[in-house]
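**Student:** My request is simple: use the sequences and hints to build the entire structure.
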Amino acid sequence: MRRARACIVFSSTYAVLYVAAMYYNLALFTYYPAAKQFYPLVPATPQARGPAMFWYGWIATAALGALALSVLSLVVPARWAMRLWPGWSWLAPIAVFLTLIIILRGWFIRV
Amino acid sequence: MITVLLIVHGLLAVFMLGALTHQTLSVWWPAPAGHQSFFASFRAVRAGSYANTIVILYLLTATAGAILYPSYRLGIRVVLEDLRLNAANGIFELKEHFVAVGLGVLPAYWLFWRQPLSAGYAGTRKGLTAILAVIVWWSFLVGHILNNIRGFGV
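Just so you know, the sequences run in chain order A and B.
Numbering-wise (this note's numbering), the first sequence opens with residue 1 and increments by one.
Numbering-wise (this note's numbering), the second sequence opens with residue 112 and increments by one.
No lab work stands behind these hints, which were simulated from the structure alone.
Quick reminder that beta carbons are idealized off the backbone N, C-alpha and C, glycines included.
Errors might be hidden in some of the hints.
[What the hints assert, rightly or not] Restraint-style ranges between C-beta atoms, simulated for each label pair:
1) B:114 - A:85: 41 to 47 Å
2) A:20 - B:174: 20 to 26 Å
3) B:164 - A:79: 36 to 42 Å
4) A:44 - B:126: 42 to 48 Å
5) A:71 - B:178: 25 to 31 Å
6) B:179 - A:64: 30 to 36 Å
7) A:68 - B:190: 38 to 44 Å
8) B:141 - A:35: 49 to 55 Å
9) B:129 - A:102: 29 to 35 Å
[What the hints assert, rightly or not] Computed list of chain A residues with no C-beta within reach of chain B, every gap over 10 Å:
10) 25
11) 40
12) 83
13) 104
**Tutor:** Laid out in structure tokens, this is it:
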């Protein structure tokens with residue numbers, strides 16, 4: 001039961017945290033592929049030549065946040081946990097997909 | 112080396128695509144008892160036995176993709192931008208985000224496909240499986256299209 005709760009919380013919150021990290025650029029680290037160098041967080045000014053990649057850092061941010069919330073879910077009272085609907089684990093990612101499509105619509109249509 | 116990894120990435124994706132398609136159809140469109148047509152046989156699989164393999168294949172394929180990504184960022188995306196192929200860039204952007212979200216779906220997917228299957232969670236299993244199927248099909252097709260645009264080993 002506890003493991004189930006943690007898995008549901010992780011899968012539900014990870015998707016939301018990922019899209020937030022991506023939208024607000026809250027990467028845990030930044031990678032410069034041309035220089036093959038990592039830097040913590042998002043440097044205010046370019047730290048190396050070439051483009052910066054934040055994707056890995058967004059995943060790390062979302063995973064860390066979701067992991068923390070999963071652990072937190074293990075200590076909440078059982079009666080609260082019983083209310084957790086397993087469907088959030090697939091509904092939250094679908095909502096995030098729709099959000100991503102809206103955020104990225106500029107690639108497909110002129111806005 | 113990158114070319115070899117790209118081929119391995121593609122092959123892993125093919126394996127996963129097959130497994131997920133079998134599983135998805137078997138839960139959304141179960142084969143009627145007694146039917147032995149090709150399509151019925153395709154759906155008449157023990158869906159639960161695919162789950163662990165799908166999780167492992169997803170992690171392996173995503174890891175290979177993550178290793179390849181810098182090469183794409185430096186060698187292909189720049190060209191797409193120069194050619195003003197915005198839609199091509201956009202579908203890849205969606206791919207990278209969908210795959211990342213899929214990584215977070217895996218714990219719940221693994222949990223609800225654990226044996227013995229709980230009948231009470233059949234709907235959740237269907238939802239999670241469908242999400243992964245959409246992600247994998249989208250990613251596979253986008254990867255194929257972008258490879259066609261840029262060429263291979265250029």
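**Student:** Take a look at whether the Cβ-Cβ distance between residue 68 of chain A and residue 190 of chain B falls inside 38 to 44 Å.
**Tutor:** Distance hint for residue 68 of chain A, residue 190 of chain B holds at roughly 40 Å.
**Student:** Just double-check residue 104 of chain A for me: nearest Cβ-Cβ distance to chain B has to come out over 10 Å.
**Tutor:** Violated, because the least Cβ-Cβ distance between residue 104 of chain A and chain B comes to about 5 Å, which does not exceed 10 Å.
**Student:** Could you see if the CB distance from residue 114 of chain B to residue 85 of chain A stays within 41 to 47 Å?
**Tutor:** Since residue 114 of chain B and residue 85 of chain A have Cβ atoms about 46 Å apart, the given range 41 to 47 Å holds.
**Student:** For the hint 36 to 42 Å, verify it against the beta carbon of residue 164 of chain B and that of residue 79 of chain A.
**Tutor:** holds, 37 Å
**Student:** Could one say that the CB atoms of residue 141 of chain B and residue 35 of chain A fall in the range 49 to 55 Å?
**Tutor:** At roughly 53 Å between Cβ atoms, residue 35 of chain A and residue 141 of chain B fall inside 49 to 55 Å, so the hint holds.
**Student:** Using Cβ atoms and 10 Å as the threshold, tell me whether residue 25 of chain A really stays out of contact range of chain B.
**Tutor:** holds, 13 Å
**Student:** Starting from the hint 20 to 26 Å, judge whether the C-beta atoms of residue 20 of chain A and residue 174 of chain B obey it.
**Tutor:** holds, 24 Å
**Student:** Does the claim that residue 83 of chain A lies outside the interface with chain B hold up, using a Cβ gap greater than 10 Å?
**Tutor:** holds, 16 Å
**Student:** Holds or violated: 42 to 48 Å for the Cβ distance of residue 44 of chain A and residue 126 of chain B?
**Tutor:** Since the Cβ atoms of residue 44 of chain A and residue 126 of chain B sit about 43 Å apart, the hinted range of 42 to 48 Å holds.
**Student:** Does the Cβ pair residue 71 of chain A, residue 178 of chain B satisfy 25 to 31 Å?
**Tutor:** Given a distance of about 29 Å, which is inside 25 to 31 Å, the answer is holds.
**Student:** Given a hint of 30 to 36 Å, does the C-beta separation of residue 179 of chain B and residue 64 of chain A actually sit inside it?
**Tutor:** The hint (30 to 36 Å, Cβ to Cβ) is violated, given that residue 179 of chain B and residue 64 of chain A are roughly 24 Å apart.
**Student:** Taking the Cβ atom of residue 129 of chain B and the Cβ atom of residue 102 of chain A, is their distance within the range 29 to 35 Å?
**Tutor:** Given a distance of about 32 Å, which is inside 29 to 35 Å, the answer is holds.
Hints 6 and 13 from the list above are not met by this structure, while the remaining hints are.
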